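Chemist: The lines below spell out each chain.
There are 2 protein chains.
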Amino acid sequence: MIPELLREKKAQFFVQYASSKNANFYYATGFKIPDPAFYMIGDDGTDLLVVHEMERRRAERESRVKEIASLKDLGFYELLKELGDPSIALSQTLFELLRTHGGRKILIPPDFPSFLSFYFRERMEVEVVENPFSRMRAVKRKEEVEKIRETSMAIINSFEYALKIIRKLKSCEELRSEIETHLFKNGFIAEDTIVASGLLSADPHNFGRGAIEDHIIIDIFPRSKEHGYYSDFTRTVMLEKNQDLEEMLEAVIEAKEKGISMVRDGVRAREIHETVCDILEERGYSTLRQKSSEGFIHSTGHGIGLEVHEEPRIYENKDILRKGMVFTIEPGLYYRKIGGVRVEDTVLVTSDGCEVLTPFRNFVRA
Amino acid sequence: MIPELLREKKAQFFVQYASSKNANFYYATGFKIPDPAFYMIGDDGTDLLVVHEMERRRAERESRVKEIASLKDLGFYELLKELGDPSIALSQTLFELLRTHGGRKILIPPDFPSFLSFYFRERMEVEVVENPFSRMRAVKRKEEVEKIRETSMAIINSFEYALKIIRKLKSCEELRSEIETHLFKNGFIAEDTIVASGLLSADPHNFGRGAIEDHIIIDIFPRSKEHGYYSDFTRTVMLEKNQDLEEMLEAVIEAKEKGISMVRDGVRAREIHETVCDILEERGYSTLRQKSSEGFIHSTGHGIGLEVHEEPRIYENKDILRKGMVFTIEPGLYYRKIGGVRVEDTVLVTSDGCEVLTPFRNFVRA
Chain A
37 MIPELLREKK AQFFVQYASS KNANFYYATG FKIPDPAFYM IGDDGTDLLV
87 VHEMERRRAE RESRVKEIAS LKDLGFYELL KELGDPSIAL SQTLFELLRT
137 HGGRKILIPP DFPSFLSFYF RERMEVEVVE NPFSRMRAVK RKEEVEKIRE
187 TSMAIINSFE YALKIIRKLK SCEELRSEIE THLFKNGFIA EDTIVASGLL
237 SADPHNFGRG AIEDHIIIDI FPRSKEHGYY SDFTRTVMLE KNQDLEEMLE
287 AVIEAKEKGI SMVRDGVRAR EIHETVCDIL EERGYSTLRQ KSSEGFIHST
337 GHGIGLEVHE EPRIYENKDI LRKGMVFTIE PGLYYRKIGG VRVEDTVLVT
387 SDGCEVLTPF RNFVRA
Chain B
37 MIPELLREKK AQFFVQYASS KNANFYYATG FKIPDPAFYM IGDDGTDLLV
87 VHEMERRRAE RESRVKEIAS LKDLGFYELL KELGDPSIAL SQTLFELLRT
137 HGGRKILIPP DFPSFLSFYF RERMEVEVVE NPFSRMRAVK RKEEVEKIRE
187 TSMAIINSFE YALKIIRKLK SCEELRSEIE THLFKNGFIA EDTIVASGLL
237 SADPHNFGRG AIEDHIIIDI FPRSKEHGYY SDFTRTVMLE KNQDLEEMLE
287 AVIEAKEKGI SMVRDGVRAR EIHETVCDIL EERGYSTLRQ KSSEGFIHST
337 GHGIGLEVHE EPRIYENKDI LRKGMVFTIE PGLYYRKIGG VRVEDTVLVT
387 SDGCEVLTPF RNFVRA
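Each protein sequence line maps, in turn, to chains A and B.
Count along the first sequence from 1, then add 36; that gives the number in this note's numbering.
Count along the second sequence from 1, then add 36; that gives the number in this note's numbering.
FYI, nobody ran anything at the bench for these hints, they're computed from the structure.
DSS-like mimics (lysine-lysine), calculated; alpha carbons at most 30 Å apart, straight line:
(1) Lys327/A / Lys68/B
(2) Lys206/A / Lys68/B
(3) Lys261/A / Lys221/B
(4) Lys68/A / Lys68/B
(5) Lys261/A / Lys57/A
(6) Lys68/A / Lys373/B
(7) Lys373/B / Lys108/A
(8) Lys117/A / Lys354/B
Bear in mind that the values here come from a model prediction, so they are computed numbers and not experimental data.
Based on the provided sequences and hints, a complete structural model is requested.
Modeler: Take a look at the structure:
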């Protein structure tokens with residue numbers, strides 16, 4: 037994919053400058069590093085990571101990159117002494133590296149930092165392209181699927197635990213803390229877990245707080261401490277009878293199940309989103325397709341892996357589902373005077389359908 | 037600080053495009069948001085945050101920014117329909133916003149994403165400047181100090197707990213898990229806590245694994261789940277007699293104490309680093325000043341707050357210590373055939389000295 041891109045764009049290198057908090061950088065290098073480092077991949081087989089001297093040996097052991105260089109090797113410190121300004125010294129060091137490797141044109145990802153791209157741009161051709169690793173990451177390798185499956189199972193365990201204790205707890209904060217600690221002990225970090233009850237649940241991004249009322253949206257999306265892969269799962273738990281909410285819940289369950297039934301290799305993501313909207317509109321709810329600010333006001337789903345939100349998007353776009361993609365299907369309905377409901381599964385596309393990685397009954401009472 | 041910068045550079049706005057994972061963005065906006073948003077601050081009093089419609093109400097409630105606009109208000113969706121490409125539609129929407137506010141020249145931080153800066157640069161003057169919020173963040177407000185103090189106390193508690201159980205455990209992994217779970221239950225997230233024993237401790241960035249041997253470096257740097265502030269603390273625990281290591285440990289303790297004694301408002305960071313190097317060299321150890329790859333091979337310290345590493349740097353640079361700054365002093369010595377030792381405290385600069393926020397005895401046996 038990258039060689040083709042380089043040829044098409046008549047460029048010699050695709051480069052990244054980021055820390056491993058950047059999922060594309062981590063995916064490309066397989067190297068966990070807290071501070072930014074430089075990575076270049078070339079049409080001539082170049083696969084080179086530049087780190088500080090202190091990280092060199094660890095990079096040689098732990099990264100999947102062919103060649104490691106340190107800034108010291110590249111003369112950064114002499115240049116820093118001469119120029120005084122670390123960001124110019126770094127820019128010049130990396131530019132010289134590109135130049136000595138025959139770089140005349142480079143490709144950079146959209147989030148490439150401007151201090152470097154502005155320096156490069158004055159000295160060579162620079163073009164911003166979608167990060168090819170984003171697209172590569174959308175289709176998961178087998179071992180990545182296993183990692184997401186592991187995180188999915190941990191979510192289901194923590195949700196079952198939550199259901200056992202939910203009636204003993206008073207506040208959303210307590211329940212969130214119980215779920216997150218349960219996950220943490222098992223090796224998963226969940227933050228901002230949505231545990232939203234009552235009318236606060238009408239805001240899909242509100243994490244929730246205060247008393248546990250008639251119903252509660254629990255949306256859990258942890259990542260593994262060990263390998264970094266996320267999964268994502270939501271259920272709406274009914275604690276008391278509430279006809280409006282239960283009808284909304286039935287509608288989103290129907291929409292989710294119909295959406296999941298459509299998933300297979302080759303299907304357009306857009307069709308799934310449109311069908312989800314159709315079902316909810318047929319049931320009398322408004323959707324973002326009608327520019328409504330209540331009802332179904334977000335997309336149907338998003339890819340998940342090293343990031344909570346990644347490719348593909350299950351929305352009004354052109355993404356085509358491919359075998360090995362992993363994403364969520366998560367219709368919700370939100371009304372300020374009633375509250376919100378949402379159900380969400382993470383699914384894996386197979387050649388003739390999909391596998392739900394977060395299997396759990398849809399309608400949950402506690 | 038920002039008005040002065042804008043006047044000096046003859047620019048109308050300083051702008052950021054980031055999520056709240058970016059500490060400068062979070063500091064500027066006070067808004068927790070998982071996906072990138074646009075923030076602009078102007079010489080005309082403009083203080084404006086642009087978010088998706090879905091985040092608008094939450095932004096109005098939770099952010100500290102004066103004015104909130106949504107992409108919908110700004111006509112982004114019409115433009116997207118017309119242009120098809122979301123990144124061009126976004127760039128054009130934000131450029132129009134800047135232009136209608138009278139922007140002719142803008143300032144961007146070094147990490148500003150290139151897809152936007154390249155678009156802007158073709159249409160207006162754009163200059164990369166050090167992020168002024170980085171400098172503002174170096175000097176902590178009172179409430180920030182209290183947050184770091186809270187995290188510091190949680191570290192000390194978890195370290196005391198670690199000392200109680202260390203003899204019962206066999207592996208570095210178990211000890212790391214115990215420390216991190218202890219912190220998590222109390223509301224703090226620690227990841228990559230360094231629990232390094234034996235010769236692995238000779239690599240300052242090795243997290244450690246395997247058997248607990250004669251000594252162990254424990255370096256704990258969690259952040260609060262609630263407010264996001266970090267603190268940082270290291271002790272080297274001696275489990276068996278080892279003359280080489282104990283002499284190294286005495287040297288780094290002396291260097292750390294001397295370094296701390298020099299901290300006060302107005303002192304140059306560089307002097308502290310040089311003194312730490314002097315002490316270690318006088319004791320016969322090599323330092324990075326001599327371009328050695330063993331001995332003391334990292335800087336003396338770093339600011340800490342919303343990031344683990346932030347301004348000021350206690351190193352060969354020009355930073356001047358100011359009242360309210362919070363940073364680490366952490367000399368270490370690393371020899372591949374002996375192992376490593378390090379001691380580290382987080383300190384707060386006061387007008388006539390400093391306060392150690394992580395008070396604990398220096399020489400620890402267990």
